[in-house]
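**Q** Generate coordinates for the entire structure from the input sequences, incorporating the hints supplied.
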Amino acid sequence: MKLLLLATLNGVTLAALYFIAASGFTIIFGMMRVVNMAHGSLYLVGAYLGHDVASSSGNWFLALAGGAIGAALIGALTHALFLDRYQGQDLRQALVTIGLSIIAADLMLAGYGGLSYQFDVPSFLYGSTPMPIIGGYPTFRLALIGFAFAVYAVLWLVVQRTRFGIMIRAGVDDRVMLSALGVNVPLVSTLVFALGACLVGLAGVIGGSALSIAPGEDGRYLLSSLVVVIVGGMGSLGGAAIGALLIGLAEQIGLAYFPTYSIIVSFVIMVAVLAVRPYGLLGRPA
Amino acid sequence: MTVALQAVKLTKAFGALVAVRDVSLEIDEGERRVILGTNGAGKTTLLNLIAGDITSTSGTIRFFGEHIGGLSSYRRARIGVSRTYQKSHVLSGLTVLDNLYLALRGVQPNRFSVMWPGSNDIHKARARELAAEMGLSIKVDVSAGELSHGEQRQLEIAMALAGSPRLLLLDEPAAGLSPAERPLLTAMLLALPRSVTMILIEHDMDVALPVADRVTVMDEGAVVFEGSPQETASSPLVQSLYLGNIGRDDVVADTSS
Chain A
946 MKLLLLATLN
956 GVTLAALYFI
966 AASGFTIIFG
976 MMRVVNMAHG
986 SLYLVGAYLG
996 HDVASSSGNW
1006 FLALAGGAIG
1016 AALIGALTHA
1026 LFLDRYQGQD
1036 LRQALVTIGL
1046 SIIAADLMLA
1056 GYGGLSYQFD
1066 VPSFLYGSTP
1076 MPIIGGYPTF
1086 RLALIGFAFA
1096 VYAVLWLVVQ
1106 RTRFGIMIRA
1116 GVDDRVMLSA
1126 LGVNVPLVST
1136 LVFALGACLV
1146 GLAGVIGGSA
1156 LSIAPGEDGR
1166 YLLSSLVVVI
1176 VGGMGSLGGA
1186 AIGALLIGLA
1196 EQIGLAYFPT
1206 YSIIVSFVIM
1216 VAVLAVRPYG
1226 LLGRPA
Chain B
26 MTVALQAVKL
36 TKAFGALVAV
46 RDVSLEIDEG
56 ERRVILGTNG
66 AGKTTLLNLI
76 AGDITSTSGT
86 IRFFGEHIGG
96 LSSYRRARIG
106 VSRTYQKSHV
116 LSGLTVLDNL
126 YLALRGVQPN
136 RFSVMWPGSN
146 DIHKARAREL
156 AAEMGLSIKV
166 DVSAGELSHG
176 EQRQLEIAMA
186 LAGSPRLLLL
196 DEPAAGLSPA
206 ERPLLTAMLL
216 ALPRSVTMIL
226 IEHDMDVALP
236 VADRVTVMDE
246 GAVVFEGSPQ
256 ETASSPLVQS
266 LYLGNIGRDD
276 VVADTSS
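Order-wise, the sequence lines are chains A and B.
One point on numbering: in the numbering used here, the residue at position 145 of the first sequence is 1090, and numbering is uninterrupted.
One point on numbering: in the numbering used here, the residue at position 93 of the second sequence is 118, and numbering is uninterrupted.
Simulated from the structure, these hints should not be mistaken for laboratory data.
Hints are supplied without guarantee of correctness; some may be wrong.
What the hints assert, rightly or not - With a cut-off of at most 25 Å between alpha-carbon atoms, the simulated SDA-like pairs for lysine to any residue come out as follows:
| no. | chain 1 | residue 1 | chain 2 | residue 2 |
| --- | --- | --- | --- | --- |
| 1 | B | K164 | A | V1099 |
| 2 | B | K164 | A | G1110 |
| 3 | B | K149 | A | R1229 |
| 4 | B | K149 | A | V1099 |
| 5 | B | K112 | B | L172 |
| 6 | B | K112 | A | V1099 |
| 7 | B | K112 | A | Q1032 |
| 8 | B | K112 | B | H174 |
| 9 | B | K112 | A | R1114 |
| 10 | B | K149 | A | V1121 |
**A** Structural data, given as structure tokens:
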């Protein structure tokens, strides 16, 4: 019982982190049909930049802002310089972003070395919170659930309620028509790409605080975002939430009960979902 | 008379295929120009060149004297070039109201505002008016993808008109409309103010000819004929090229009435 509860709680908090990372990925795909293979690099860039800010300012919230804004700027630049010219050419965009992720990984290894870093979180998020049955649980990991809900709420409001959000939704439907209505679609695309990068940069600092930052994390979060978004349906925010929950729980419960085979559980889920719903749980044809 | 649109030796090649070849056009302000031609004659490509969806291989386009050949489609939309597409291009995930709202907002200078559209937003009110004018009042909150095909075409034209365009490009607006809906479309096109210049691609003569001031006929990418609707209907060249395809007797009978 205790093991099940602990594994479930681990799964839900991991799902929260996966969701924050994958939300940016799915928003970028939804608007632009760009499969951003450098998404994991932006996660790690956000984490390292956040760490720089934290070590010079000592303030975790500034680190959060620094990681998010830094990743957003790099994302915007990446889109404007390398991706916009290949609009509609998925394979080229995927190859360009793979190339960029390899370069970024080496640059970060050169700049930050191979050590792993962790953030010092504010005292009210530090330590453990008493819980029934399982005893104590790390407070920060519980806070992850709150962060995930906050990200979901803000994104939902931006997309559904603002004027900019109407343009994003219109771009998902039909870029050509949006342009014919007088909207600068390349600029909207760059802004959406920056928004997605901002979210994954935020995830980098939050993930670096809950777990750690180290070389190789870029690949891990790219893979988790891909699996989450494929299961949930590419381009769907709700789908990313459901996908993250499924994958997070499957990983942690698998790890607790059958550790040898746990690594394949998420892929079994992915195959099963794709067999029944080829566009993912909440996805629709592009 | 002011010249609204002037194209000089416009050419568009896709590799070895020349879709539009040395097309020169001069369209006066307020004129209704119909472009005829068989499938593959280059009509839609010409419209795409004028709207800026593609750029020409060579040649120039001027809009009220201003060179627009290098402008992207959204910039042309902002200076008053508006269009509809052969296949419906309404934004199917958005409500009818949001479609019209975006069409109004797209050409405004503060289009990127992230503010909530408040209840006193003048564009929201205007969008409701436009929906009412198109007879779509009761459907404003329905998502555009759920409208019937005829309603989607109406919405598309309403969106094209929302930004108060000076040049309206219509690509087969009657395509897919029922025989009952077609006269309504013709009436609507005839009711448009003369401040709007219009270029219309249309196969349905009943829709096209009552609206047309002048007719341009294209074949294999080039302009082969230009004249009044009467001259067009009686031209042997046009009949052999184009009208032959859809039954000459029908068309001559229709235009003489």
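**Q** Please go over all the hints and tell whether each is borne out by the structure.
**A** Here is how each hint holds up against the structure:
1. With a CA separation close to 29 Å, the supplied pair K164 of chain B and V1099 of chain A exceeds the 25 Å bound.
2. Only pairs whose Cα atoms come within 25 Å are accepted, and K164 of chain B paired with G1110 of chain A is accepted, the gap being roughly 21 Å.
3. A hinted pair counts as satisfied when its Cα atoms are at most 25 Å apart, and K149 of chain B with R1229 of chain A does not qualify at roughly 29 Å.
4. Between K149 of chain B and V1099 of chain A, the direct Cα distance comes to roughly 23 Å. Compliance with the 25 Å bound is thereby established for this hinted pair.
5. The straight-line distance between the Cα atoms of K112 of chain B and L172 of chain B is roughly 14 Å, inside the 25 Å bound, and the hint therefore holds.
6. Between the alpha carbons of K112 of chain B and V1099 of chain A the distance comes to roughly 35 Å, so the proposed pair goes past 25 Å and is violated.
7. Taking the CA atoms of K112 of chain B and Q1032 of chain A, the gap is about 21 Å. The hint holds against a cut of 25 Å.
8. This hinted pair checks out: K112 of chain B and H174 of chain B have alpha carbons roughly 10 Å apart, not beyond 25 Å.
9. Among the hinted pairs, K112 of chain B with R1114 of chain A is consistent with the structure: their alpha-carbon atoms are about 20 Å apart, no more than 25 Å.
10. For the proposed pair K149 of chain B and V1121 of chain A, the alpha carbon gap of about 23 Å is at most 25 Å, so the pair holds.
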